[in-house]
Amino acid sequence: MRHGKYPFIIGFLAVPVALYATFVVAAYVQTFQLSLTSWSGFGVIKYVGFDNFVKLWEDELFWKSLRHNAYLLFLLPILTIALALVFAFLLNVGGGTKGGVTRGVWGSKFYRVIFFFPQLMALAIVAVIFGRVFSSDKSGMLNGLFPDSWSPWLFLADERWALTCILAVLVWQAVGFYVVLFSAGMGSIGEEIYEAAALDGATRVTLFFRITLPLLWNTIQTGWVYLGIAAFDAFALVNIMTVDRGGPDGATSVLAMMIYRNTFEYSQVGYASALGVVLFFLTLTFAALTLRVTRRDAV
Amino acid sequence: MSEITKSELDRRSLLRRAAAVGLAATPAVGMLSACVGGGAEETANQATGTKSADNPLGIDPKKPVEIVIFDGGLGTKYATDVDTPMYKKKWPESEVKFTATQEVSTIVQPRLNAGDAPDMINNSGAKMMDFGAIVAAGQAQDLSELFAAPSFDIPGKTVAQTLVPGAVEQGSYDGKPFAVNYSYTVFGLWYNATLFEKNGWTVPATWADFTALCDKIKAAGVVPFGYAGSNAAYYMVRALLTSAGKIGTEQVLKDIDNLKPGAWTAPAVLEAAKAWGEIGTKYLEKSFLGLKHTEVQLRQNQDKIAFYPCGSWLENEQAKDTPPGFKYAVAPYPSVTASDKLPATAINAAAGEIYFASSKGKNPRGGMEYLRVMLSKQAALEFTKLTKSLTVVAGASDGIEISPGLNSANDAITKAGKDVFMGYLFDTWYKKLHDESLSAVNDLMFNGGDAQKFCDRMETAAQALAKDSSVKKQTRS
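First to last, the protein sequences are chains X and D. Under full-length UniProt numbering, the first residue of the first sequence is numbered 1, with each subsequent residue one higher. Under full-length UniProt numbering, the first residue of the second sequence is numbered 1, with each subsequent residue one higher.
Just chain X, with the same shape it has in the complex:
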């Protein structure tokens, strides 16, 4: 048996590792390399040292975009996870215990399907639809609901609220998935634990905070990292929904949008790569920090 082990493992690993090395590792190495050049995307590559990073430091839009990413990074996971936990709890445990079986609120099987719908739609379609929802005049869905005498809310055309609109769509889209994820997590929590707690007279709130939350911690932690990474992105929504793509006046610009524009529109691939390098380290730092800060001893 022993002599066949390595060929067996290598046989399984070769293809994925090769793919990963070509399309991820090599791409990253190249990004790092290009970030030190002034390459336009066409023709000859010229090295310029750390010029791109100096330029970046002085670029107001970069700091603005970074703040927007930070805003999403802070609020997207919190809101999504909080909402998803509440919904998942209601779907699974919220109905109380009957005949020794905990159950969700009435109609929870139906809701579970509904919650997952947004996840099934392509992000581009979601963005187009919400573009209509948030339209800045009376033809918009939300503005259409308001009485005629109101002057229309500008939503995406209002610098103060545009990013919040994007956040709302991100949360709307993500919640369904995490409801399902947390539901699965809750399903694996032993029935007898709830039963015992219920016998001790625990209320639903106590059940949630003392039993569900601690036992779900690993799942939540993973969700947090995923959502954080999604918050570093937000490209599709910004690209499709917002005024002037990232506007009005940079009010919704995010790093991914800047990378895209510099690469494909401004022919500044070198600069875009520098942005990519920054994003790479930010993502990495975030993931490491999150996993460290939220680390808990197994319950």
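Worth flagging that the hints you see were computed from the coordinates, not collected in a lab. Virtual Cβ for every residue (Gly too), placed ideally from N, Cα, C. Be a bit skeptical, because a hint or two may be false.
Here are the computed distance ranges between Cβ atoms for each label pair [unchecked claim]:
#1 D/463 to X/50: 14 to 24 Å
#2 X/125 to D/324: 28 to 38 Å
#3 X/128 to D/476: 35 to 45 Å
#4 D/110 to X/17: 20 to 30 Å
#5 X/141 to D/303: 19 to 29 Å
#6 X/109 to D/460: 54 to 64 Å
#7 D/216 to X/121: 39 to 49 Å
#8 D/156 to X/60: 50 to 60 Å
#9 D/64 to X/29: 36 to 46 Å
Rough simulated footprint, nothing fancy, chain X against chain D, three-plus residues with beta-carbon under 8 Å [to be verified]:
#10 107-119
#11 229-235
#12 289-298
#13 322-330
#14 378-385
Use these hints to put chain D onto chain X, whose structure you have.
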């Protein structure tokens, strides 16, 4: 140019993005790996033939030619139903491979870098490639030979001699022509002649007339002026800078293009920004900032908006939404001051829609020959008929009744006489500065009309660009 697709992601880029996000959220950069390193290698085996009177560009009559056409406001019918058949008639053995796309850079840029370039490319639309960078990288064919070649169907003239003045210069970089700017666009204030006639509104020549008329229009319950801030702010930039050009001649715009210090803070630009800022504050609906060009244009078709700043492609773009009785007409931008250096009739008309032959393609001469076909009088006339857009082929559609909007545009050019000016080029030269102008003009028009802020902001951006050595600079005179 007119079909703005910037907000639409196609399936491919979406899939790519989905993959990139899964890997680690640095999407665009991940894609770059596909493009690195290309473009430097020399292409071997380019098709050539023997030059003769019948074959002035010396193409190989048997080699296929591959063309890519932007599928936007102009459609692709002119290529598939006019140009290609004309080309095939002349060169029956040369196969024409045709691709239509709305995403020029997505389709073409990787191919340019991979050394597998199509032979003739229509670089247009929101996803157009940075043409200055293509020229700088030596990817565009020098078209001097094309312009010096005899015209396809006008005997005794070279191609260059059959074009409107300035057409060759507009596609020139450092004095060498690299692009054919094929369509000829008249810019101005577009309105519904029927609506104006019905209400007894007359086209204003001075700014005082303009604001007085706007008051009247507003009182009649119609929004006097509108443009779409979400994705068509560049129409507004053009309106503002055309006014600046009329105040202080085209030199103002040349200074802007040449990134001359103080170009954006010049009195003419400030004056124009002030005048337009006031229009924005008084007559523009705030909600237009969130609308797309199609939505605003549709409202004009419904007679809810009176004036719309745009180019002459508008009529064709709106053809399917225009109700019967709606007659497009164009008016030059009114004089801002009494001391404007150009008369009120002066108009901004420019050659647009870049078509270029790729120097690294397999058959660049075939690509040039295709362009020569496009620049024939017959092809130009058919193009105008199909797209309701004039071409740079001088007088190709003279005396032919085509459509109200186009005839109005033709009239405007005639009335302007020698005061037709090309406008500015910085929008194609420096896309980043162009984007800054979009944000700045939206801020000016929708956010209180601070003209000084507009000028200062653009000046800062222009000077930052002038100092950026990674961007290749262009100049014009």
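Verification of the supplied hints:
Between residue 463 of chain D and residue 50 of chain X the CB atoms are about 23 Å apart, so this pair conforms to the stated range of 14 to 24 Å. Between residue 125 of chain X and residue 324 of chain D, the C-beta spacing of about 35 Å keeps the proposed range 28 to 38 Å intact. A C-beta distance of roughly 40 Å is found between residue 128 of chain X and residue 476 of chain D, which places it inside the suggested range of 35 to 45 Å. For residue 110 of chain D and residue 17 of chain X, the hinted distance range of 20 to 30 Å is satisfied, since their beta carbons lie about 26 Å from each other.
A beta carbon spacing of about 25 Å between residue 141 of chain X and residue 303 of chain D agrees with the range 19 to 29 Å that was offered as a hint. Evaluation of the 54 to 64 Å hint for residue 109 of chain X and residue 460 of chain D yields a pass: the beta carbon distance comes to about 59 Å. Separated by about 47 Å at the C-beta atoms, residue 216 of chain D and residue 121 of chain X satisfy the suggested range of 39 to 49 Å. As the Cβ distance of residue 156 of chain D to residue 60 of chain X is approximately 58 Å, the hint placing it in 50 to 60 Å holds.
Taking 36 to 46 Å as the suggested C-beta distance range, the pair residue 64 of chain D and residue 29 of chain X conforms, at roughly 38 Å. Figure legend: the region 107-119 of chain D, annotated as covered by chain X; annotation consistent (3 residues with Cβ-Cβ distances under 8 Å, at least 3 required). Counting residues of the region 229-235 of chain D whose CB lies closer than 8 Å to any CB of chain X gives 4, so the stated coverage by that chain holds, three being the minimum. With a cut-off of 8 Å between beta carbons, the region 289-298 of chain D has 4 residues touching chain X; three or more are needed, and the interface restraint holds.
Against chain X, the region 322-330 of chain D contributes 0 residues with a C-beta closer than 8 Å to a partner C-beta. That does not satisfy the three-residue criterion, and the hint is violated. Counting residues of the region 378-385 of chain D whose CB lies closer than 8 Å to any CB of chain X gives 0, so the stated coverage by that chain is violated, three being the minimum.
Comparing the model with each earlier hint shows violations of hints 13 and 14; every other hint is respected.
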